[in-house]
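J.: Here's the letter readout for the chains.
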Amino acid sequence: DTGVSQDPRHKITKRGQNVTFRCDPISEHNRLYWYRQTLGQGPEFLTYFQNEAQLEKSRLLSDRFSAERPKGSFSTLEIQRTEQGDSAMYLCASSLSSGQYNSPLHFGNGTRLTVT
Amino acid sequence: QKEVEQDPGPLSVPEGAIVSLNCTYSNSAFQYFMWYRQYSRKGPELLMYTYSSGNKEDGRFTAQVDKSSKYISLFIRDSQPSDSATYLCAFNTNAGKSTFGDGTTLTVKP
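Chains as they are written, first to last, in my numbering: chain A, 1 to 116; chain B, 1001 to 1110.
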């Protein structure tokens, strides 16, 4: 168990640029989640995958955000035409779901996005 | 109204004190109850996970769940400076997605 890995740790970009983040989940976990966290707030759900299928997207996730998990392993989160309001910590988490059982989420250390 | 309300803090205690952290929730579909610890610039780390009313103990940590009152607590005994962090309560339905409180920041002073 090497844990959830996120890359990069910190990204600084100019308003209007596109950015892409990568997440590698715990290998035996079939679910992968993206959350966003701003200062003083708890993590806020964005979207999640079971294997390669994207099962739910938050209403908060605008059309500028897209996530993929092409082979059911790693995932990418892309933000197009970034805005200053996108500045936040983007957290990835993974879990194991089997029948009625859902393990708790295990998080990576996040990608901190700063939009200037 | 938010589904989860967490005592906002911040909380500052002397080393060795007993700490109580609390959350209330309104969604009756929440079946699983977690506490996470988050150090600055790190991701949340799972501390406690339970699905039943009552107490669950793990070392210096005790999680308490009262489903009838929709109230959960985390108690830390003999608090240490290394416990200084933000503590997040979290809740799952059977679907597995977690809903979080906004966190309580704890400082334990030597």
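Just so you know, the hints here were simulated from the structure itself, not pulled from any lab data. A few of these clues could be false.
To be verified - Keeping only pairs whose Cα atoms sit at most 25 Å apart, straight-line, the calculated PhoX-like set for lysine-lysine is: (1) B:K1109 <-> A:K11; (2) B:K1109 <-> A:K57; (3) B:K1056 <-> B:K1097; (4) B:K1042 <-> A:K14; (5) B:K1070 <-> B:K1056; (6) B:K1109 <-> B:K1042; (7) A:K14 <-> A:K71; (8) A:K57 <-> A:K71; (9) B:K1070 <-> B:K1042; (10) B:K1109 <-> B:K1067; (11) B:K1097 <-> A:K71; (12) B:K1109 <-> B:K1097; (13) B:K1109 <-> B:K1002; (14) B:K1070 <-> B:K1109; (15) B:K1002 <-> A:K57.
Claimed, not checked - Label pairs and their in silico Cβ distance ranges: (16) B:S1053 <-> A:I12: 22 to 30 Å; (17) B:N1055 <-> A:E52: 25 to 33 Å; (18) B:N1055 <-> A:K14: 46 to 54 Å; (19) B:L1046 <-> A:G99: 37 to 45 Å; (20) A:Q54 <-> B:E1015: 40 to 48 Å; (21) B:E1015 <-> A:T13: 40 to 48 Å; (22) A:S97 <-> B:E1005: 23 to 31 Å; (23) A:G72 <-> B:A1017: 19 to 27 Å; (24) A:I12 <-> B:A1029: 24 to 32 Å; (25) B:G1009 <-> A:N18: 35 to 43 Å; (26) A:L55 <-> B:K1042: 41 to 49 Å.
For each residue, glycine too, the CB sits at the ideal point set by N, CA and C.
J.: Confirm or reject each hint.
T.: Right, here's what the structure says about each hint:
Restraint check: the Cα-Cα separation between K1109 of chain B and K11 of chain A comes to about 33 Å, which exceeds 25 Å; the hinted pair is violated. Between the alpha carbons of K1109 of chain B and K57 of chain A the distance comes to roughly 42 Å, so the proposed pair goes past 25 Å and is violated. Between K1056 of chain B and K1097 of chain B, the direct Cα distance comes to roughly 22 Å. Compliance with the 25 Å bound is thereby established for this hinted pair. Under the criterion of a C-alpha separation no larger than 25 Å, the hint pairing K1042 of chain B with K14 of chain A is consistent with the structure, at around 24 Å.
Distance hint between K1070 of chain B and K1056 of chain B is fulfilled; the C-alpha atoms sit about 16 Å from each other, no more than 25 Å. This hinted pair checks out: K1109 of chain B and K1042 of chain B have alpha carbons roughly 21 Å apart, not beyond 25 Å. A threshold of 25 Å between alpha carbons decides the hint, and for K14 of chain A with K71 of chain A the separation of about 31 Å lies outside it, so the pair is violated. Pair hint K57 of chain A plus K71 of chain A holds up; C-alpha atoms about 19 Å apart against a cutoff of 25 Å.
Straight-line distance between C-alpha atoms of K1070 of chain B and K1042 of chain B comes to about 29 Å, which puts the hinted pair past the 25 Å bound. Taken as a hint, the K1109 of chain B and K1067 of chain B pair is broken in the structure, with Cα atoms around 33 Å apart against an allowance of 25 Å. At roughly 21 Å between alpha-carbon atoms, K1097 of chain B and K71 of chain A fall within 25 Å of each other, so this suggested pair holds. Under the criterion of a C-alpha separation no larger than 25 Å, the hint pairing K1109 of chain B with K1097 of chain B is inconsistent with the structure, at around 35 Å.
Only pairs whose Cα atoms come within 25 Å are accepted, and K1109 of chain B paired with K1002 of chain B is rejected, the gap being roughly 32 Å. A threshold of 25 Å between alpha carbons decides the hint, and for K1070 of chain B with K1109 of chain B the separation of about 31 Å lies outside it, so the pair is violated. Simply put, K1002 of chain B and K57 of chain A have alpha-carbon atoms about 19 Å apart, close enough for the 25 Å limit, and the pair holds. Our hint of 22 to 30 Å for S1053 of chain B and I12 of chain A is violated, since their Cβ atoms are close to 47 Å apart.
At about 40 Å, the beta-carbon gap between N1055 of chain B and E52 of chain A misses the expected band of 25 to 33 Å. At about 51 Å, the CB distance of N1055 of chain B to K14 of chain A agrees with the hint of 46 to 54 Å. For the hinted restraint 37 to 45 Å between L1046 of chain B and G99 of chain A, the CB-CB distance of approximately 21 Å leaves it violated. Under the hint 40 to 48 Å, the C-beta atoms of Q54 of chain A and E1015 of chain B, about 46 Å apart, fit the expected range.
For E1015 of chain B and T13 of chain A, the Cβ-Cβ distance of about 42 Å falls inside the hinted range of 40 to 48 Å, so the restraint holds. Between S97 of chain A and E1005 of chain B the beta carbon distance is about 28 Å. The supplied range of 23 to 31 Å therefore holds. For the hinted restraint 19 to 27 Å between G72 of chain A and A1017 of chain B, the CB-CB distance of approximately 46 Å leaves it violated. For I12 of chain A and A1029 of chain B, the hinted distance range of 24 to 32 Å is not satisfied, since their beta carbons lie about 40 Å from each other.
For the pair G1009 of chain B and N18 of chain A, the supplied restraint of 35 to 43 Å holds, since their beta-carbon distance comes to about 37 Å. Between L55 of chain A and K1042 of chain B the beta carbon distance is about 27 Å. The supplied range of 41 to 49 Å is therefore violated.
Hint compliance for this structure: hints 1, 2, 7, 9, 10, 12, 13, 14, 16, 17, 19, 23, 24 and 26 are broken, all remaining hints hold.
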